[in-house]
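A.B. asks: Each chain is listed here by its residues.
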Amino acid sequence: MSPATTENPVLRISSVSRTYEEGELRVHALRDVSLEIPRQLFTMIVGPSGSGKSTLLNIIGCIDRASSGSVVINGTDLSSLNDTQLTRFRADHIGFIFQGFNLMPVLSVFENVEYALVLAGAPKRERELATEKILRDVHLYDQRHQRPNQLSGGQKQRVAIARALVKRPLLVLADEPTANLDSKTGAAIVRLMREMQRSAKTTFLFSTHDPHLMSHADEVFTIQDGRIVNHERRRNLEVVA
Amino acid sequence: MSIAKIAFRNVFRNRRRSTMTVSTIIVGAVSVLLIGAMLGFVTLDFQSSVVRRSGHLTIYKKGYFEFGAGNSSAYGIADYQGLATMVRDDPVLRPMITIVTPVQDVLGLAGNYEADRSKPFFGRGIVPRDHAQMRQWDDFHLGTAGSSQPEMPDDLHTGVVGIGMGRILGLCAALHIARCNAPPRAAPAKAAAADPQIQQLSALRDADRPGPDTTNKAEQGAHIDLLAATAGGAPNVVGLNVDHAESQGSREIDDNYVLMHLELAQQLAYGRGEHKVTGIVLQLRRSADLQAARTRLYEIFKTRHLDLEVRDFSELTPLYKQVLAFFAFLFSFVAIVLAVVVLFTVVNTMSMAVMERIDEIGTARALGLTRAKVRRQFMLEGCLLGVIGATLGVVVAAGIAWLMNISNVSWTPPTAAGPVPLKLFISDSLSIGTWLCLVALASLASLFPANRASRMNVVDALRHV
Numbered sequence: 001m002s003p004a005t006t007e008n009p010v011l012r013i014s015s016v017s018r019t020y021e022e023g024e025l026r027v028h029a030l031r032d033v034s035l036e037i038p039r040q041l042f043t044m045i046v047g048p049s050g051s052g053k054s055t056l057l058n059i060i061g062c063i064d065r066a067s068s069g070s071v072v073i074n075g076t077d078l079s080s081l082n083d084t085q086l087t088r089f090r091a092d093h094i095g096f097i098f099q100g101f102n103l104m105p106v107l108s109v110f111e112n113v114e115y116a117l118v119l120a121g122a123p124k125r126e127r128e129l130a131t132e133k134i135l136r137d138v139h140l141y142d143q144r145h146q147r148p149n150q151l152s153g154g155q156k157q158r159v160a161i162a163r164a165l166v167k168r169p170l171l172v173l174a175d176e177p178t179a180n181l182d183s184k185t186g187a188a189i190v191r192l193m194r195e196m197q198r199s200a201k202t203t204f205l206f207s208t209h210d211p212h213l214m215s216h217a218d219e220v221f222t223i224q225d226g227r228i229v230n231h232e233r234r235r236n237l238e239v240v241a
Numbered sequence: 242m243s244i245a246k247i248a249f250r251n252v253f254r255n256r257r258r259s260t261m262t263v264s265t266i267i268v269g270a271v272s273v274l275l276i277g278a279m280l281g282f283v284t285l286d287f288q289s290s291v292v293r294r295s296g297h298l299t300i301y302k303k304g305y306f307e308f309g310a311g312n313s314s315a316y317g318i319a320d321y322q323g324l325a326t327m328v329r330d331d332p333v334l335r336p337m338i339t340i341v342t343p344v345q346d347v348l349g350l351a352g353n354y355e356a357d358r359s360k361p362f363f364g365r366g367i368v369p370r371d372h373a374q375m376r377q378w379d380d381f382h383l384g385t386a387g388s389s390q391p392e393m394p395d396d397l398h399t400g401v402v403g404i405g406m407g408r409i410l411g412l413c414a415a416l417h418i419a420r421c422n423a424p425p426r427a428a429p430a431k432a433a434a435a436d437p438q439i440q441q442l443s444a445l446r447d448a449d450r451p452g453p454d455t456t457n458k459a460e461q462g463a464h465i466d467l468l469a470a471t472a473g474g475a476p477n478v479v480g481l482n483v484d485h486a487e488s489q490g491s492r493e494i495d496d497n498y499v500l501m502h503l504e505l506a507q508q509l510a511y512g513r514g515e516h517k518v519t520g521i522v523l524q525l526r527r528s529a530d531l532q533a534a535r536t537r538l539y540e541i542f543k544t545r546h547l548d549l550e551v552r553d554f555s556e557l558t559p560l561y562k563q564v565l566a567f568f569a570f571l572f573s574f575v576a577i578v579l580a581v582v583v584l585f586t587v588v589n590t591m592s593m594a595v596m597e598r599i600d601e602i603g604t605a606r607a608l609g610l611t612r613a614k615v616r617r618q619f620m621l622e623g624c625l626l627g628v629i630g631a632t633l634g635v636v637v638a639a640g641i642a643w644l645m646n647i648s649n650v651s652w653t654p655p656t657a658a659g660p661v662p663l664k665l666f667i668s669d670s671l672s673i674g675t676w677l678c679l680v681a682l683a684s685l686a687s688l689f690p691a692n693r694a695s696r697m698n699v700v701d702a703l704r705h706v
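As given, the protein sequences belong to chains A and B, one line each in that order.
According to our numbering, the first sequence is numbered sequentially starting from 1.
According to our numbering, the second sequence is numbered sequentially starting from 242.
There could be a bad hint or two in this list.
What the hints assert, rightly or not - What follows is a set of in silico ranges between Cβ atoms, one per label pair, in the way DEER data are often shown: (1) 230(A) <-> 585(B): 56 to 64 Å; (2) 596(B) <-> 85(A): 28 to 36 Å; (3) 698(B) <-> 147(A): 27 to 35 Å; (4) 584(B) <-> 76(A): 43 to 51 Å; (5) 191(A) <-> 250(B): 53 to 61 Å.
As the list claims (entries may be wrong) - Partial list, computed: chain B residues near chain A (C-beta under 7 Å): (6) 250; (7) 251; (8) 254; (9) 255; (10) 588; (11) 604; (12) 607; (13) 608; (14) 609; (15) 610; (16) 697; (17) 700.
As the list claims (entries may be wrong) - Sample of chain B residues with no beta-carbon within 10 Å of chain A, all distances over it, derived: (18) 268; (19) 308; (20) 414; (21) 528; (22) 533; (23) 566; (24) 581; (25) 601; (26) 603; (27) 605; (28) 693.
For the record, the hints were derived by calculation from the structure and aren't laboratory data.
Backbone N, C-alpha and C define an ideal beta-carbon position, used for all residues, glycine too.
Just chain A, same shape as in the assembly (with noise of 0.2 Å):
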């Protein structure tokens, strides 16, 4: 790792590990693993179905429990945190890509969005005009009164970006985000994901079992039988930066 990485990472996880315990049965989603991402890259977690990646996004997401080892995600420790607090923390810190995108149905695109902000807090008019931004952004201004069943899966998945997006998340965690879409539609959205990411300058944590979409990463880890078997540093902190 870089110093850039060990001084200042925006996630640090340290020997986690995650069983989930079925009758007698005892499975082994992860095992002892331990990473560090630094701030604003767009980190890609690869590796085949079943191998851990949504087990680990769900840790860091604050929505899963390691069974042993820490997560700490900006200074805090993600242990020391109750179910209110973890759900503040979310609220505040985390943006959330679904495969399946997850839109309210009963809400607008825009109402979508500025959902995350009603979680966070933010105040109507700021929330207002964030919303109106984030969406001129992702390029759905114009579709802000439709309901998410009068768009397509690309333009779903747009908006949950700026929903992701919108509350300016420390950490956007996307669990395989283009698994629904078609190949060309998910390119897009990843080259939209990279644009947002880089103009935010926030952290993405990206899973996908798709090896194609490795192109688009600053940092790929690649995860097989709950174990980080592979770490690769595509760009250097400065040129991210």
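Following the hints, complete the assembly by docking chain B onto the known chain A.
C.D. replies: Just chain B now, kept in the frame of chain A:
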């Protein structure tokens, strides 16, 4: 954008299911309100009927209520006119009172000498003018004041009997009693032996003092003789021309009732002795003043050292309390059944909503919605179903009540002599109470599904398809 806005939209998301749930709540609200309104009307009409007949409060000599039935003359109130004037002129009571009138109850034997019929009777002596005024009481604006039956004439020797009494005494034809069969003729030997005392006393009465002119009874209509023991224990008899027979709404009263002029009742009960009364009836302008009037009367009795007691109409008419208790039970039973139906319907609807939106719950939780807010959102949705259903229910019930009221539907209450217009008045308290209960019920019903939603594991919820 608030949780309420999201909840409101979610309520209308599955329109068919929400419509069914809201419809169930509407049916529940309408049923409770209409049954409540009808029972309320019947209760008020019953109370009005009792108050028109017996007033709100009756002043008795202490002990009469418990023991007076055996010897009402022994519990007579002397100087009743002075007492009535004192009550009438009391500055506290005056604004509350419409009528203060004396009554004399008397028990004895009624006989129709012409038909050789006799029957124990329960009689009440009244001031006809006062009782005619009492019949106009309509504090609840039910439109049922007055009576379809004629008033008792203000004549000393003229009175009214219950329909059953008229029938038993063989006065069907004379009193033009509808659906009244003439009694079977008794054996001549027995008939001749029937109540020789009445015959003898009638003869004595005719010789002793002027009574009603009975020389041409066929033209006058019905005539009966009333025999009773005076306060001194001596037998006494008076003659009574029966103006008409009227239904008392209860067979046992119908078969025994004789209404007569107060003075005639006093003649029968006290003979030539001092004329007293059994009670002094007070009819109030408003039933709501009953407790205040009672309290004031006791203050007066205490101040003036009067050995009197006060009984209200519900104590004097036990059936009133029984009917009220029955109605309360009936209303509670119906309300509970409907509440259970509404409860299960809302639980089912909200459980389905939670099941269908597991992934949304997971997403919202991941984005930062707290467990408490998830719970609040689903409870709010249940509450909104309750608000919509209950509000529409109140409106629909008001509409049905209005239609009923302009349709002039009439019915015969269990205690009434004839049909009265059925009016459905949905009171504000009934409407508000029903509305609040249904909204609370719908909110409560959504508590279980809402708790379930709030406790969901975020990862499991997001994984749910």
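A.B. asks: Each hint needs a verdict: does it hold in this structure or not?
C.D. replies: Here is what the structure says about each hint:
1. 230(A) <-> 585(B): 56 to 64 Å: holds (57 Å)
2. 596(B) <-> 85(A): 28 to 36 Å: 29 Å Cβ-Cβ, so the 28 to 36 Å window holds.
3. 698(B) <-> 147(A): 27 to 35 Å: holds (28 Å)
4. 584(B) <-> 76(A): 43 to 51 Å: holds (44 Å)
5. 191(A) <-> 250(B): 53 to 61 Å: Violated, since residue 191(A) and residue 250(B) (Cβ atoms, about 34 Å apart) do not stay within the stated range.
6. 250: The hint holds - residue 250(B) has a Cβ within 7 Å of chain A, the shortest such distance being about 4 Å.
7. 251: Check passed: Cβ of residue 251(B) comes within 6 Å of chain A, closer than 7 Å.
8. 254: holds (6 Å)
9. 255: violated (11 Å)
10. 588: violated (22 Å)
11. 604: holds (4 Å)
12. 607: holds (5 Å)
13. 608: holds (5 Å)
14. 609: holds (2 Å)
15. 610: At about 6 Å, which falls below the 7 Å cut-off, the nearest Cβ of chain A leaves the hint on residue 610(B) intact, so it holds.
16. 697: violated (11 Å)
17. 700: holds (5 Å)
18. 268: Holds: least Cβ distance 27 Å, greater than 10 Å.
19. 308: holds (73 Å)
20. 414: Correct as stated: the minimum Cβ-Cβ distance to chain A is 80 Å, above 10 Å.
21. 528: holds (52 Å)
22. 533: Residue 533(B) clear of chain A: closest Cβ-Cβ about 55 Å, beyond 10 Å.
23. 566: holds (49 Å)
24. 581: holds (31 Å)
25. 601: violated (6 Å)
26. 603: violated (8 Å)
27. 605: violated (8 Å)
28. 693: holds (16 Å)
Comparing the model with each numbered hint stated earlier shows that hints 5, 9, 10, 16, 25, 26 and 27 do not hold.
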